Each structure stands twice: as structure tokens, then as C-alpha cells.
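Sequences and hints are given; from them, build the entire structure.
There are 4 protein chains.
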Amino acid sequence: MSFGIETKGVYPIAATPFRPDMSVDWDSLDRLTDFYQDAGATGITILGILGEAGKLEPEESREIAARVIARARVPVVVGVSNPSFAAMGRLAREVMDLGAAGVMIAGHAGLRSDEQIAAHFRNAVDAIGQDTPWALQDYPLTLSVVLSVPMIGRIMADHPSCVMLKAEDWPQLEKLSAIRAAQASGGMRAFSILTANGGMFLDFEPERGSDGAMTGYAFPDALVEMDRLHREGQRDAAHDLFDAHLPLIRMEQQQGVGLAVSKYLLMRRGAIARDIKRRPGPALTPRGREEIDYLLARLARKDPRAAI
Amino acid sequence: MSFGIETKGVYPIAATPFRPDMSVDWDSLDRLTDFYQDAGATGITILGILGEAGKLEPEESREIAARVIARARVPVVVGVSNPSFAAMGRLAREVMDLGAAGVMIAGHAGLRSDEQIAAHFRNAVDAIGQDTPWALQDYPLTLSVVLSVPMIGRIMADHPSCVMLKAEDWPQLEKLSAIRAAQASGGMRAFSILTANGGMFLDFEPERGSDGAMTGYAFPDALVEMDRLHREGQRDAAHDLFDAHLPLIRMEQQQGVGLAVSKYLLMRRGAIARDIKRRPGPALTPRGREEIDYLLARLARKDPRAAI
Amino acid sequence: MSFGIETKGVYPIAATPFRPDMSVDWDSLDRLTDFYQDAGATGITILGILGEAGKLEPEESREIAARVIARARVPVVVGVSNPSFAAMGRLAREVMDLGAAGVMIAGHAGLRSDEQIAAHFRNAVDAIGQDTPWALQDYPLTLSVVLSVPMIGRIMADHPSCVMLKAEDWPQLEKLSAIRAAQASGGMRAFSILTANGGMFLDFEPERGSDGAMTGYAFPDALVEMDRLHREGQRDAAHDLFDAHLPLIRMEQQQGVGLAVSKYLLMRRGAIARDIKRRPGPALTPRGREEIDYLLARLARKDPRAAI
Amino acid sequence: MSFGIETKGVYPIAATPFRPDMSVDWDSLDRLTDFYQDAGATGITILGILGEAGKLEPEESREIAARVIARARVPVVVGVSNPSFAAMGRLAREVMDLGAAGVMIAGHAGLRSDEQIAAHFRNAVDAIGQDTPWALQDYPLTLSVVLSVPMIGRIMADHPSCVMLKAEDWPQLEKLSAIRAAQASGGMRAFSILTANGGMFLDFEPERGSDGAMTGYAFPDALVEMDRLHREGQRDAAHDLFDAHLPLIRMEQQQGVGLAVSKYLLMRRGAIARDIKRRPGPALTPRGREEIDYLLARLARKDPRAAI
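Those sequence lines, one after another, are chains A, B, C and D. Numbering-wise (our numbering), the first sequence opens with residue 5 and increments by one. Numbering-wise (our numbering), the second sequence opens with residue 5 and increments by one. Numbering-wise (our numbering), the third sequence opens with residue 5 and increments by one. Numbering-wise (our numbering), the fourth sequence opens with residue 5 and increments by one.
If you are wondering where the hints come from, they were derived from the structure by calculation, not from laboratory data. Hints are supplied without guarantee of correctness; some may be wrong.
No copy is singled out in the list; a pair is fine if it fits within one copy or between any two copies.
[Said to hold, decoys possible] Calculated cross-link-like contacts (lysine to aspartate or glutamate; reagent style DMTMM-like; alpha-carbon spacing at most 20 Å): (1) Lys12 x Asp29; (2) Lys306 x Glu229; (3) Lys306 x Asp225.
Predicted, not measured: the structure shown is a model, and the values here were computed from it.
So, in C-alpha cells, the structure goes:
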């Protein structure tokens, strides 16, 4: 199983499908698990922001993790961020017992200095256990916590159990280069970097040093292909594929409504039965769906995966 | 039982006592419930920020509510704010079934326009049920959500089940006057206003229109006396008592460490066995305790309640 | 001259070119003014965020405005946002005397309720004068002030001198539809809407009701053509052109470094002599320039304007 | 002249008096300068937040500085914080040429990591000149920038020209102790610490290691006496005096309206002719003035300076 400092590839961020009565749609969750695996995913990340983790009850989170872990043949990483370290620790221990490969932890808007950030991750590692492998999420646009390159190095030095950076700063191309340069010079230890930000800069990130992607774009199969093209050094072909998808990637990366776009695309692709979301958060209007359908049709002219 | 638009008096915000192993200290919780009642409290508010609600597991919150409601002879209001409306609704229904008088709801930092605020409280009222009486918490310093006077009027008009404003804007003396003026002119419906902000402006708030206090200062008996002096029109005596307590009130109202001060004072007064807090958050150093002890000794020269 | 509630077309947001000694490069400013006009711009907006307005001395702002207004044959709108209303008013009066068509005003992060926002724009209109036409900037991602649709309606109702909305919320497609629906139903008065956000959603915005674009993308000629294609109902052609530019548009829209990308592109296109920026803010590294050059070369295969 | 790493005493933060036409009231400015000196101030700090620096035109700032520096017999420190480093540098050079003892610089809300903070002060020191002595303002409540103890140490290590910390974090008693401990152990170089936060914790700060106060409370003469009592080890007497003033100190420390309270008190004390403020910001209502008058009358029973 691959969740460690050497991990390369694509870890889709999984959605959480719901039924009309707002309960979890377990059949769709199974189908979605298969969808990610069939797309060639290296692993699956569940209970992230896209997975509407903040809107789930503790027992729902546990059951979702149990279901996906039991079904998946690839490593499963579980988002455990929580205002309560006790709750974070409990979920982490439960999912590790269930067979998760590791967990994912983010900061929050209240962290306003490097000292506060360092204390937060010390508390988090105490809560999840020193031996639990974890990914550090660097997503300032939504989380409002800024991790400088030296701060990332400090967290990595403090916590050998952190094996991966989920990189989604904005901008971050130079940041990736700076991290890799620090590692090359011996100033920072090794770890895997998977990039996110909805995939908005996936055309250049591998050249800057990323090891792959950990993001929720509804075409994980296209992400896997982009990743392969990059590994093979086919720069132009990777850009051609990326450029074809960029209009949709951008729609999905919008704040708030992006989640609705993502679930709508997953539904159109047959990966989940419905695009229902829990509140709060905007839904797609008929007009908004028509725009996505139009972009899908345009994409289908270049990528047959979109012909649905 | 008094939790309605006519409510007057003092609703202490209750702390949550812990044992050295960080479990809830049920004996201290009983003692604390009695302490508030013996102090003359009109009601008790549990699971607020001071009650470390964000660090509790859902079942702990439920058990704490059950325990306090069962023991108290005065109305108990339960803080139910939660990033998940599902979780908010569940806790609200559970505590109302247990006999709570009502719940308390706040906004959060993500609410940046009056439309977003209105939507948040619509979702919240849907979640807790249209018939559940609730208090609206207006605490921008910590919650980062700003409720203007017209916005408060709008929430009150939208939701007849909101019976009380927990007023802790900063500054807020003119705001209290503006709300009462709007009500007097018929532009806003009636509701109770209890003030908080640690009690920092309790010397003037009743004259500005407040109906009492809902705050966590460790001398609820002194708050009850201040309230009585105000009702009796004894302005100078009310100020004398307030001024004697202000040095301690200010220590308790500090961000972060204020909670440690509050629990230390409750321990010194015998209301709880230990001043243990859950992480994160700073603790009192020996030096910090010495300062509180010194202020207590100074206060004891003017108020015998502090002679401990 | 077109700066009013009927305005349609493209208003580029102008950069401010500097010399190596960090003084304003007046020759480049002239060349840039011509560049925008030759691109078919309806008007020019100067001293916005892209124009590094916050890094200019008051007399520099005045001189830049004087120079551009004197040279341009199209209307010039001047950003006058300033923490000081006195300074805002002074610059507004000066540029209107020089012949500006109007000014542009934004809110700021300190505005946390609709009442505060309304007061801010009242103070601003008092400062610039009731008769000065102005554009309202709605840019929450950078300015951290959220204008709901009803709030925009309120500002427009309060201030007849506001003739335009510079729309750059994120997301905003539904918001555009909501504004136009409110106007169609008589619930909101008429005004022009030019969209920005770097042009990231220009492929759909005109269909949602925008009248054109007010943004800084370094291909204003392409923006003018997209605008024309939309007006002519050539949806597919407009999308084809947009999609070709989207990879570059996205690079320019990055926080911070986007300004460096924009100036580099303007330099590559010959519109300014150097891509020098004032501090603070990141510059493009050689690697970053290579990436832009690569995207330019890719674009040139579809749009000859990029063959440089 | 005393503005260096050994500085002790009281540096009042000066208000800026205005005439009814909103121009600077030069006579009152002279009177205020004398008032601070006659109060026993060690120095005077002008053009801070209390001095409404953000609402002044550049030439007004310059003239105010020139006037106060020419009249004062004590060192004058000038706030030069500005979104534009060019403007910051120009004002700094001008006031140093006029004879200022040094300048004061703060961060801003955009600084979200230690790296960003370090870069900000590097740019600032480049702008004001390496040889200009300056005070570092640590005021997170208003400025939204958090300086941890290690970060303060880093700024001090990077910039030998920084001679003073204007300490107004909240809470900060433990922070003062931590800084002094770091200095005692050789981990941080020496510098002066004057505390602010409106004086809300002046009863304990000297024991924690502060060298005095730099704050705007309208009784600088009382601050000077408190400082003296602390130096003489008269703990109880210092607290007695502090406690008498605390009700007013608290009124002045309110966000927004605190400035109105401060100017009203300065007017009542005869230090300025009128309590006029520039917009934006709330004014004192008649009711608010009555409350201040009442607190003044109460204070006068304990401190004859308040008998006015």
C-alpha cells in the first residue's frame, strides 16, 4: 500500500453521496469507491471539505470510513480535522483500527503565528498518536492559515509521522520549487507532495516537483492520464489534455458552488445516483447545469470520457 | 420558569469541570449547578464558549445537559452552535426532550453579509425546530460576525421563537439604546436582553435597557446583587460594587487565558474541585495565580464574598 | 463619452509602468494608453489594484491621471479608494477637474455588516461629491467585503451617481442573474455591469447579463473580440477564443504574482518597456517566465496576437 | 534625549485636535504638547491610531510632526505605518530631518505567516533607513497581525535599529515574562518595552518586566504617578491609583468609540478645545458624555486630577 514519503500518483478527494432524505447513500458510496479505483487512483481520500465532513455526525463519519476502507483495494486516507482534539483523536484511532492508511489534518483560521501553528500540530499529533501516518493540508484560501516554506519544514522536522503535503496554496508554483530546493540541499527532510486546488495548476506542478494530485475533480481518470504524461515527459500532450479540461476544472474550483458542480459531474458520469448536498451551500440552478452540460459537450470533442 | 421575552435577571454561563484524566467531573458539575442556584441565578446557560463546548464529544454534551437539567430548579439554556446544522438540530431536540428551557445559537466567521446571516439563522431554526425558544448570541469579538441593529430586528421578525438577545458587542452601550428605542417606536418586537462580554460594562448596561446579565464571571452572587441595586435605582451603590470587582472582571475577560482565570476563581470559591481545562488554550502560571490571589485579597476588603 | 448606466464594452484596468529607479515610466504610460485604445477599449480604468494604486504617492496618482486623461480619446475612470475619505475626496475632485469620466470605489475588510457598508459608501459619496459618477467595486476575494444582491440594490438606491457595478465576486454567475432579474422585475434600478475577476468567467458572464468587462488581462484586444462575439450570439466562437486564452488568464489571476504575470505579458507585447513592480509583492522568476513564454507559444497557435 | 533600548517612563500617544471645519487645530496641538510634557511624560508619540493618522493627508502629517517636534522638549516618536513603503519612507525621512527621536511601525492584517512578517519589516527598515531608531508595535486586536515571542526576537535580531517594543497584545502578561526570560538567558537582545492596550493591565505589567507605558489614556499624569509608584515598589498604592482609574480606562479602550471618549476627556481636562474627530468613527452621544462625566465625578473623589 502506498501512503508514505515516496507516494506518487493520484488520490481523488471523495464526495459523500446523499439520498433525498439527506441520509448517506451507501450504494452510491460503493459505486464511487469503484469509480475512483477503476480510474486508476493510487489511493482515495475521504472526509475532506469536498466530502462535506463538517456536516456529518461522528457515527456517520465512522461508517463512511468503514465502508470505503472495506471495499477499496487501494490505501484510504481519512480527513480528521475537528475543532476538538478529542474528537480528532477518536476518529483517527477508529479509522486506523479499521485499516485506514493514514489521516489528513489541516489548521484553522484562528492560527495566526508560526508558534500557534506549531502548537496546533503538536496537539493534533498527540491526539492521533505518534505512529499514525498523516498528510498536512496547506490550503490557505479556505482555511485561512498560511504555512510558509520554513514553517512546513518545521512541522515536518517536528513530526516524523507526517509523510505527505497536500499542497494547495495559491499561488504555489514557486513554493513547490522552494520546498524541493530545500530538500535537495539537505535543509528539509523528504516527503511526498500531492497538489490540489482543484487541479488548477496541474499542468506545471509536476515539473515544479509535485508527486501527483490529491484533488476532487470529477475526472480522476483524466488526472491519472495527465500524471502519466508528465512522468513520461510528454509536456505538450499533458498540456493539451489539461487545457481541454481547464474550463470545467475552473467551474469546479469555485467557492461554495464548486461542490455542486463536482457532484453534478459525478452524477452525470454515473459515479453517484444524485447530486444532493447537505446544507448550507448553494445548489446548481437549471441554468448552471446547462452551462456545465455545454462545457461537457465541448470537452467531449477532445476527450471521449466526457461523452455521456 | 423564566426563559422568554420578559426574562430578567442573571443567567450565569457555566464552566465544565474536568478531572485530571480530562473526563467530565460530575461531582463538581453538581456542585457548580448548586453554586449558581444558591447565588440567586434566574437560570443557567451551559455548553457555551466558557463551557468549552467545542472540545466536548456529542455524548458528553448530552450527558452534561441531562445532569444539569435534572438537578437545577431554574431554567437551563443550552448552547447548541455547531458547524453542522444536523448536529445542532440533534443536540437541540435531545436537550429540549430532557427539559431544557431553550437553546442558544451564534453565527460564525464565515458570515459576511446580512443575507448570509439571515440564511444561517433560517437554517438553524429549521434544524432546532420552529417551536424551540432560543437566545441569539451577538459576540463579534470572538465569533467575528457583526449583527447591526437592523439585522437583529430582521432576525427577530423572521423568528418568533427567538426570545432573547445575549448582547456582547464591543462597544454596545449605544447599541442597547438603539434597540430599545426601535422597540419603543414599534419598529422592533419585544425580546429580553441579557448582556455579557464578561460583565465589563455591567455598571451602565441596565440603564441602557438590558434586563440582566448572561455571563461567566465567577461571582454570580455579586452580579445578582448588582442587578438588584440597578433595579432599585441605587446607581452609586451599584457602581461601588462593580468598581470593586472590575479588576477581576477584566482578568477574566482576557482572550484565551480568561477561561483559566474563571476556572481558578471557581475553584478558589469551592464551586469546582479543580481548574483543569481541555486543550488547546493557555493555563495560569504560578505567577498568574499569584496575581489573581492578590486581586482577590484586595477585593475581600470591599466584598466579603472574596474572603476565601 | 460612455461611462453611465448604459455603458457596454471593455474597460481595461491599466497597469502602472515603472523605471528601474522605481519612478513612473511616463513614456510607457503613454504607450500603454495607446495600446488599450488601439485594442478597441471602450474606456480605461486607472489606479486600481493592478495599477498598484496603494503604492503611489498622492502626487504620483494625480500626475498619472492627468497624463492618461490628456492622452486618451476614450473615457477614463480613476480608482480613488483610500482609508482616508479626505484623501479619497481630494483625488476624486482633482481627477474630475482634469476630465475623468468618473471614479471607482471599493469597500474594505473592516466592513462587517450591511449597515457599516451603507455608511462607508455614504461617506465616500459625500467625499467625492454627489454629482461624480462612480463604479462600485464588488471584489470580496481581495477586499474581504461581501456585497449581497440586496445590499447592491440598497447602494444603488441610495446613490443615483453610481452608474456601474464592477462585478468580481466568486462565484458570481448566479449573482449576475439575480441582479438582472431584480432589475427586470422593477425591484432594482438600472446600471451597467462590467465583470472582472481577471476574466475567469467571461465565457458565460455576458449570457448572465453583464455588459462587458473591466479587467486587467494583458490581451484587451482578445477581450474586445470575445465581447463582440457574445453580442453577435456566436456562443461557440466566443468559447473557442476564451478557452484558448484561459491558461494565461488563470496565470494572471493568481494572488500576488498575477500582477507580475500581467506586467510581463504587457512587456512581451510591447505595451510597456519593463515589467518592474513596486514592493511588496513577488516577482516572476526565470522559471516562471519560461512557463508564461510556453503558454504564449501555445496560444499563438490559435491566436496570432500571441505570436510575439 | 531618551528613545533607545534603555528608555523607561511614559510616552503618551497624542491625539490630533481638529477645528469644526475639520482642519487641524494648531493652537490645541500646542496646548496638548504642553499638557503631555507638564504631565511628566518621558516622550510623546504622534500620528498613531489614536492620532487618526490614517485620516490625515501627507502634508498634514508632516506639519503636525514639525509643530510638535519644534515645541516639545522631550523626544517625539512618529507613527509612519502606511500601505505604501514609499510613503512610509518619505515621512520617516522628513520627520527625522525635523528632529524626531524615532518612528513607530506596525504590521497589517495581510501578514499571515512569520515569513511574511519578517519580509514586511525588512521592507519597512529599507524604506525608513537602516539608521532610523524605531519602535515595533505589537497590537493584534486592531492590526490583526500576531507576533509570537520568537518572532519578536527574530525582528529584533534582524534589525538593530529597533529599540523598543510597544506591547499591546491581549493577553500579554505571560508574554512580557517570556520576553524578559529570553533576554535574561541571552536568547534575545535587550530593548525597551512600553505597554499600551489603553493601560488596561498597567497594574501588573511593570512587575512582569515593562519599562513604562506608551498609551493614550487622557490622564498621562496618573500614568506617570503609577509608573513612579511601581518603580518605588509601592505595589498597593499603585493598584489603588490604577483601580480608581480603571472604570475610565476601560471606557477609553473600547473599539471605535474609545477615541471619542479620549478626546472628550482631553477636552474636559482643557488639553484641547474640542473633541471633534474626523470620519469615519462613532461620536459620543449626550448619554455617553453623561456616563463619562459621572465616572469623572466618581474618580474625583479619589484623584483630585479628575475634579474639573
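Consistency of the hints with the structure:
1. For the homomeric pair Lys12 and Asp29, neither the shortest alpha-carbon distance inside one copy (30 Å) nor that between copies (48 Å) is at most 20 Å.
2. In this homomeric assembly, Lys306 and Glu229 come within 20 Å of each other (Cα to Cα) only inside a single copy, at 14 Å, whereas the closest approach across copies is 24 Å.
3. In this assembly of identical chains, Lys306 and Asp225 lie within 20 Å of each other by CA distance solely inside one copy; the values are 14 Å within and 27 Å between copies.
When each numbered hint is compared with the structure, a violation occurs for hint 1 only.
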